[in-house]
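Residue numbers (this note's numbering), protein chains in the order written: chain P, 1 to 165; chain X, 166 to 416.
Think of the hints as simulated: they come from the structure by calculation, not from any bench. Don't take every hint at face value.
[As the list claims (entries may be wrong)] Quick list of in silico lysine-lysine cross-link-like pairs, DSS-like style, CA-CA up to 30 Å: (1) P:K74 with P:K13; (2) P:K13 with P:K73; (3) X:K297 with P:K138; (4) X:K308 with P:K112; (5) X:K297 with P:K112; (6) X:K221 with P:K20; (7) X:K290 with P:K103; (8) P:K126 with X:K297; (9) P:K126 with X:K290; (10) P:K138 with X:K293; (11) P:K86 with X:K346; (12) P:K138 with X:K323; (13) X:K290 with P:K20; (14) P:K112 with X:K290; (15) X:K293 with P:K126; (16) X:K172 with P:K86; (17) X:K297 with X:K323; (18) P:K65 with X:K293; (19) P:K20 with X:K293; (20) P:K100 with X:K290; (21) P:K73 with P:K86; (22) X:K290 with P:K86; (23) P:K86 with X:K293; (24) P:K103 with X:K297; (25) P:K74 with P:K86; (26) P:K104 with X:K297; (27) P:K20 with X:K297; (28) X:K221 with P:K86; (29) P:K20 with P:K112; (30) P:K138 with X:K308; (31) X:K290 with P:K65; (32) P:K86 with X:K297; (33) P:K13 with P:K100; (34) X:K172 with X:K293; (35) P:K86 with P:K45; (36) X:K308 with X:K293; (37) P:K126 with X:K308; (38) P:K126 with P:K100.
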Amino acid sequence: MTESKNISPEEIKAWLEEVKDPEIPVLSLNDLGVITGIDINETGKVTVDMTPTFAGCPAMDVMQKDVESVLQKKGIEDFEVILSFKTQWNSNMISERGRKALKKFGLAPPPKHNLIIDIELIEHAKCPLCDGENTEMKTPFGPALCRSMHYCHDCLQAFEQFKPL
Amino acid sequence: MNTEAIKDLLYKIADDQLILGHRNSEWTGFGPLLEEDIAFSSMAQDKVGQSWQFYKILNELGESEPDTLAFMRNAEQFHNCQLTELPNGEYDFSLIRHFLFDTAELIRFNMLSESSYEPIALLSKKIKGEVKYHTMHANIWIKQLGSATEESISRLQKSLDYAMPYALGIFEASKFEATLKQDGVFEGEVVLKTTWLAQVAGILEQTELTMPSIDQVQPLVGGRYGNHTDHLQPLLDEMSEVFQVDPSADW
Chain P
1 MTESKNISPE EIKAWLEEVK DPEIPVLSLN DLGVITGIDI NETGKVTVDM
51 TPTFAGCPAM DVMQKDVESV LQKKGIEDFE VILSFKTQWN SNMISERGRK
101 ALKKFGLAPP PKHNLIIDIE LIEHAKCPLC DGENTEMKTP FGPALCRSMH
151 YCHDCLQAFE QFKPL
Chain X
166 MNTEAIKDLL YKIADDQLIL GHRNSEWTGF GPLLEEDIAF SSMAQDKVGQ
216 SWQFYKILNE LGESEPDTLA FMRNAEQFHN CQLTELPNGE YDFSLIRHFL
266 FDTAELIRFN MLSESSYEPI ALLSKKIKGE VKYHTMHANI WIKQLGSATE
316 ESISRLQKSL DYAMPYALGI FEASKFEATL KQDGVFEGEV VLKTTWLAQV
366 AGILEQTELT MPSIDQVQPL VGGRYGNHTD HLQPLLDEMS EVFQVDPSAD
416 W
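Assemble the whole structure, with the sequences as input and the hints as a guide.
Shown next as structure tokens:
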């Protein structure tokens with residue numbers, strides 16, 4: 001049993017490092033940027049705020065349940081994990097470490113942007129396999145809502161990009 | 166704020182997304198090329214997911230659970246515009262509908278991002294980025310096929326002329342237009358339609374397609390008030406088949 005009055009939001013954040021995106025198992029929820037707040041009130045109740053990457057992402061429910069089970073496992077009895085749009089997720093919220101993990105996983109990380117997505121931005125992905133820039137977007141949609149599909153003319157491989165949003 | 170007016174707005178948005186989302190999903194496995202199969206399937210997933218979020222806001226305002234709202238109503242209880250319920254037809258019609266509808270939807274969510282009703286504003290801010298991908302996809306194909314071969318141009322033109330009266334039905338006035346505007350919830354269908362006409366014309370200008378003379382097109386309305394074509398009820402029957410058999414089924 002953990003006395004939640006004596007723990008800090010930073011500790012809880014560290015616990016959540018073990019929770020990964022079920023569709024991209026190298027990426028923690030912290031690095032994905034979907035944990036938007038951790039609060040412990042005076043009675044010791046822990047509230048974790050999360051925000052969906054895509055409104056229709058079927059993995060969000062799994063992520064929410066995974067966070068709940070980590071809190072349970074750590075002995076927190078009074079907690080709430082809230083999924084809301086109070087903070088709207090965008091792909092700039094993926095951390096540097098997350099971007100490296102994506103690339104290693106074979107997914108091109110989303111380019112940083114000024115929140116205006118246009119065709120120029122998504123068309124020129126850098127190949128995560130060979131770092132080639134001579135690439136072509138095949139379709140802005142892919143096997144998951146967050147991915148687009150590309151082809152690299154340098155290494156002649158198809159690859160996917162985590163879409164800028 | 167007028168809750169009935171907000172519910173009316175939420176219902177038409179959610180129902181549009183659910184019904185067109187379902188139609189898009191009917192392309193799964195049948196797309197004219199793999200990339201288009203995936204595109205329409207992804208847009209289906211986006212739209213159905215977005216509709217769920219709008220039904221959730223309705224649920225918080227006292228309406229039934231999202232799944233109940235989606236699966237347990239009959240055609241006359243749906244507020245989607247008729248454009249969304251029309252059968253997919255051939256790819257040219259699906260593409261034209263996708264272009265006309267999603268152009269309007271992106272403008273709608275841009276407008277609603279400024280809504281005084283916070284749950285709608287927050288959700289719209291989020292999903293306008295998702296819908297941007299839908300309009301980008303539509304624009305690419307309309308520009309390419311609208312300037313390609315005689316067949317592609319004539320097919321698209323025919324579908325455009327057929328779809329336009331239905332597309333104007335997107336903007337059918339609700340009985341709450343004045344209230345919603347006054348309360349700062351939504352600027353209204355008239356503003357939306359004006360922006361939409363300019364944007365649609367702007368894309369068509371870059372092709373060999375001709376914008377129909379809007380003044381001479383009679384809008385096909387009624388969907389917002391539960392009057393639908395014969396195509397909606399069979400769609401609902403199919404969509405809710407599993408839920409009707411076993412409401413607790415997980416799939």
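Structure-based check of each hint:
| no. | hint | verdict |
| --- | --- | --- |
| 1 | P:K74 with P:K13 | holds, 12 Å |
| 2 | P:K13 with P:K73 | holds, 14 Å |
| 3 | X:K297 with P:K138 | holds, 17 Å |
| 4 | X:K308 with P:K112 | holds, 28 Å |
| 5 | X:K297 with P:K112 | holds, 17 Å |
| 6 | X:K221 with P:K20 | holds, 26 Å |
| 7 | X:K290 with P:K103 | holds, 28 Å |
| 8 | P:K126 with X:K297 | holds, 22 Å |
| 9 | P:K126 with X:K290 | holds, 28 Å |
| 10 | P:K138 with X:K293 | holds, 23 Å |
| 11 | P:K86 with X:K346 | holds, 24 Å |
| 12 | P:K138 with X:K323 | holds, 28 Å |
| 13 | X:K290 with P:K20 | holds, 26 Å |
| 14 | P:K112 with X:K290 | holds, 18 Å |
| 15 | X:K293 with P:K126 | holds, 25 Å |
| 16 | X:K172 with P:K86 | holds, 20 Å |
| 17 | X:K297 with X:K323 | holds, 26 Å |
| 18 | P:K65 with X:K293 | holds, 27 Å |
| 19 | P:K20 with X:K293 | holds, 26 Å |
| 20 | P:K100 with X:K290 | holds, 28 Å |
| 21 | P:K73 with P:K86 | holds, 27 Å |
| 22 | X:K290 with P:K86 | holds, 10 Å |
| 23 | P:K86 with X:K293 | holds, 15 Å |
| 24 | P:K103 with X:K297 | holds, 25 Å |
| 25 | P:K74 with P:K86 | holds, 27 Å |
| 26 | P:K104 with X:K297 | holds, 28 Å |
| 27 | P:K20 with X:K297 | holds, 27 Å |
| 28 | X:K221 with P:K86 | holds, 15 Å |
| 29 | P:K20 with P:K112 | holds, 22 Å |
| 30 | P:K138 with X:K308 | holds, 16 Å |
| 31 | X:K290 with P:K65 | holds, 25 Å |
| 32 | P:K86 with X:K297 | holds, 20 Å |
| 33 | P:K13 with P:K100 | holds, 20 Å |
| 34 | X:K172 with X:K293 | holds, 20 Å |
| 35 | P:K86 with P:K45 | holds, 20 Å |
| 36 | X:K308 with X:K293 | holds, 22 Å |
| 37 | P:K126 with X:K308 | holds, 26 Å |
| 38 | P:K126 with P:K100 | holds, 13 Å |
In summary, this structure violates none of the numbered hints.
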